[in-house]
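Enquirer: One-letter residues, chain by chain:
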Amino acid sequence: MNPIPRLFRRSRRYSDIDISVNEHIEERTDELIAEGLPRKQAVQIARREFGNVALLQQRSREQWQWPALESLLADLKFTLRRLRKFPGFGITVLLTLAIGIGANTAVFSVIDGVLLKPLPYPRPDELVSLWLDAPGAPGLANFQNGLRLSPSMYFTFSENNHAFQSLGVFVPNTANVTGIAQPEEVHTLLITDGILQTLAIPPALGRWLSHDDQDPHSAKRVILSYGYWQRRFGGDSSVIGRSLQLDSQTCEIVGVMPRGFRVVDHDFDMLVPLQFDRAHAKLAGFGFNGIGRLKSGISRAQANSDVARLVETWMHTFTNGPGTNPFYYRLWRISPAFRSLKQQVIGSVSNVLWVVMATVGLVMLIACVNIANLLLVRADSRQHELSIRAALGAGRMRIARELLIESLFLGLIGGVFAIGVAYGGLRLLVAFGPTNLPRLSEVTIDARSLLFTLAVSIVSGLLFGSIPALKYAHARATAALSANRTVSASRTRQRSRNVLVVAQVSMALVLLVSALLMIRTFASMRKVDPGFSDPAHLETLRIYLPDLLVADPVVVTHVQNEIAEKIAAVPGVTSVGFSAAVPMEGNDPNWDEMAVEGKVYPGGEPPMRFFNYVSPGYFSTMGSAIVAGREYSWDDVYGLRNNIMVSENFARENWGSASAAIGKRMRQFKSMPWQVIIGVVQDVRHNGVNEKAPETIYWPAMLQSPYTHQPTIDGPRSATFVVRSKRAGSEALVADIQRAVGSVNANVPIANPSTMQDIYAKSMARTSFTLSMLAIAGSMALLLGIIGIYGVISYAVSQRTREIGIRLALGAQKSELKWMFVRSALVLTAAGVAIGIVGAAALTQSMKSLLFEISPLDPLTYLTVPFILVAAAALASYLPARRAAGVNPVEALRVD
Amino acid sequence: MSRNSDNRDLFPGALEIMILQSLRHKPMHGYALVKHIQQVSDDLLQVEEGSLYPALQRMLREGLLDSQEGVSAKGRPTRIYRVTNAGIKHLERELSSFGKMFDGITRVLAFSQS
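Protein sequence lines correspond, in order, to chains A and B.
Okay, so the first sequence: first residue is 1 according to this note's numbering, each after it adds one.
Okay, so the second sequence: first residue is 1 according to this note's numbering, each after it adds one.
What the hints contain is simulated information worked out from the structure, not anything from laboratory work.
All residues carry an ideal CB built from backbone N, CA and C; glycine is no exception.
A few of these clues could be false.
Said to hold, decoys possible - Some, not all, of what chain B presents toward chain A, calculated at C-beta under 10 angstroms: (1) A55; (2) E69; (3) R107.
As the list claims (entries may be wrong) - Derived Cβ-Cβ restraints for the label pairs, each shown as a range: (4) R61(B) x R448(A): 22 to 28 angstroms; (5) H384(A) x G75(B): 33 to 39 angstroms; (6) G36(A) x G75(B): 55 to 61 angstroms.
Said to hold, decoys possible - Calculated pairs, DSS-like style, for lysine-lysine (alpha carbon to alpha carbon, straight line, at most 25 angstroms): (7) K40(A) x K26(B); (8) K100(B) x K35(B); (9) K40(A) x K89(B); (10) K117(A) x K295(A); (11) K282(A) x K220(A); (12) K762(A) x K848(A).
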């Protein structure tokens, strides 16, 4: 018979049974009364004749039940009842679980999205990033991406390889868009043919860029991203064929990419063809990222050797111009070392993430230990009941099952709340986490995360439930049933709780040591002089002048000058300057060889040095001290005087001191006239405070380009303006600045307004993020440890009340008693500390890359943390110890 | 099943077919059924309530019986049990197999006697 309707009609059935049974008894009673018996006796006899009423009713009901399910549901009902009676316990456990499991789920979602999931392209294991090693290139070790590809390399490799289905290069850029709405700056991705084929994601609308679109003489066509299409065109499908102005050049829109499409890890608003001019491509120009899709069955090693032979072909095919030696690059020993695209994207972030996962997992473990202890205490108070049940015939499995059901239930409910916590935690992570976390947009709470949550809930439920279940399922009827008149709690029962406390303390120590190391790292980083001052009052913004808008480079500099003056006139602004790049923005640096007059370099080639372009007033605005000499003036700039400024470490490296550098000469290429050093600036930590300040050359904002044979004037078209003002960071200031810029040229947008303080904070984001994670975890571990110790000692006191009473009655001092309990806590703590130190020493080794100016075995940290833990343990045990001393011996001895 | 230790227990299924047959004759409530079986068997059989009521529920679950709400002559709420069509079919099947079994036993006993 269909079981489901059975359940619904069950209450009716039960009432049927009750009515029939009652009626039976009543009828019999009436019969007996009719026979002359008094009512009371008649009822008694009728009932007695019937038999065990309750049992019969139960057996009748059982026809309608599934016994196994029923007993399970009964257990659940009792669990709920017990939890309702002691809501504090339930709430504590659920809160602990929700936070612990939720944190683990959040971190798992991040790890899943970033490290574990394959890239969102078809057959992603065929995708490689064209990483080139160049061990012979001087100074190239400073590059983070290996040697990038040049346009000539792209041509050579793509035309002659045997290993790839398709390959291409790309470079992220920005451009000014005009002609649709307000002029705005957009993120573009300049791509060659082969990029879209490699990623193999078809367009949502229109078509890909074709080979013809890459012809430098053809019209410019672009593809929009989904987001940009929605924002600027409202998702209008008639956008294909329309045109817009990109850097004052008309471009036709030919396609829209699908939602969420990114190239490798780069977001973009528009895809623009690179349109390399093959006829004029030189060997040099190493600025492009290469990716490719291997032919099926070809391994990366095969691709490496395939392209390795093409390096020679490349040098034979192209040249850097008359008079240059193409085979010079043999010195660089360029060798392909292709890596999987996913590896390229993830980079070095996996270190941080695994540290975080380990941290959060450890806290979860501590939480489980705590809950296990709580459950042990509860099970202990139920000893009597459980022993009776065991004596009455309940099997071990039955009792263990009930205990496990309680913990599983707690675990699952905790898991449900944990999903909410995880969701919130992810939002926080995305908002405050390291902003350069790759693939952050792919991190969500999806089915895998939910499955993980379920798994963790069940495992933790079983974990902390198994401990009391194992201990109390024994049918130790006699031991427990005997009244505790003369016997104190046996040693063995205390032991498991003690072991748990020791485990908690050692795990807490590991977390606290890691947290303290990170705190000191962060403090050291903050003490480092970044090379500029008062960043909170420094507003930065970028302005780009495309060549179709302002053709003449000299005019570009004049326009930039005028913009600077107009901004300086804005109320509240004290000074203005600009440069090609401000520190810590993660801008790719410009590097080239800088030869110092009179110096002979081993190997013939001078080392590569970082360079930047600066305007007059830039350093004074930034607050970077001029250690020797002076800043540029606009006369220097417009007069194209061969003046140059250098950083202090460059000066020291070559001439011993900053002042000695003034007047010395150096140049970039042999064809360049000697440049005279007129000023030396303090070191600036361009790559972040935890990296050394690079030796830097500062060109003026306009100069004779060293790259061309004919004298051409050049300057940075994209300039970051720095504005010192008390109003930095406010929307009003940015609006005023925009107006000032607009008054010079209405078609110039400003981009990325942010204060130097924000940039500085972002550069420390990875450290500060790890720090906050560890600090939170460490404090949670400490708190849980304190609660754990308090609980254990407190319970010991309550169990040993009689013993305490006896001792007091026999004349023990109160202080002796207190010390007895505190000492037991300290012994446990000492054991935990000893184990924890060993663990911490081992585990912090893996944190080395995150630390700055501190060793993972720093003695001060390893002394401080145990001290904190011992103090906490002493405090946590003192309170219950005081309670012990306050026991009234008469009361204690009276207790049964 | 019987109270007297002399009497043997009934074979399984006996109670069921007796209940079905009795209720087929006339639908009644639990106590009446008990008395009916007692009277009709001339006190040779006494049904214990401990077997009857669970058996009634089992047969309800299996669809052989139907229970109906009602009010007894004395004004109390009552449940009248009634055989269903399926119950009648089941009863006839069981009676025929019971009959065959009884035949078989009779023949074996007759054989050894002769």
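Enquirer: So, for every hint listed, does it hold in this structure?
Expert: Against the structure, the hints come out as follows:
no.: 1; hint: A55; result: holds, 9 angstroms
no.: 2; hint: E69; result: holds, 8 angstroms
no.: 3; hint: R107; result: violated, 37 angstroms
no.: 4; hint: R61(B) x R448(A): 22 to 28 angstroms; result: violated, 44 angstroms
no.: 5; hint: H384(A) x G75(B): 33 to 39 angstroms; result: violated, 49 angstroms
no.: 6; hint: G36(A) x G75(B): 55 to 61 angstroms; result: violated, 23 angstroms
no.: 7; hint: K40(A) x K26(B); result: violated, 33 angstroms
no.: 8; hint: K100(B) x K35(B); result: violated, 29 angstroms
no.: 9; hint: K40(A) x K89(B); result: violated, 45 angstroms
no.: 10; hint: K117(A) x K295(A); result: holds, 22 angstroms
no.: 11; hint: K282(A) x K220(A); result: holds, 23 angstroms
no.: 12; hint: K762(A) x K848(A); result: holds, 21 angstroms
Of the numbered hints listed earlier, those contradicted by the structure are 3, 4, 5, 6, 7, 8 and 9.
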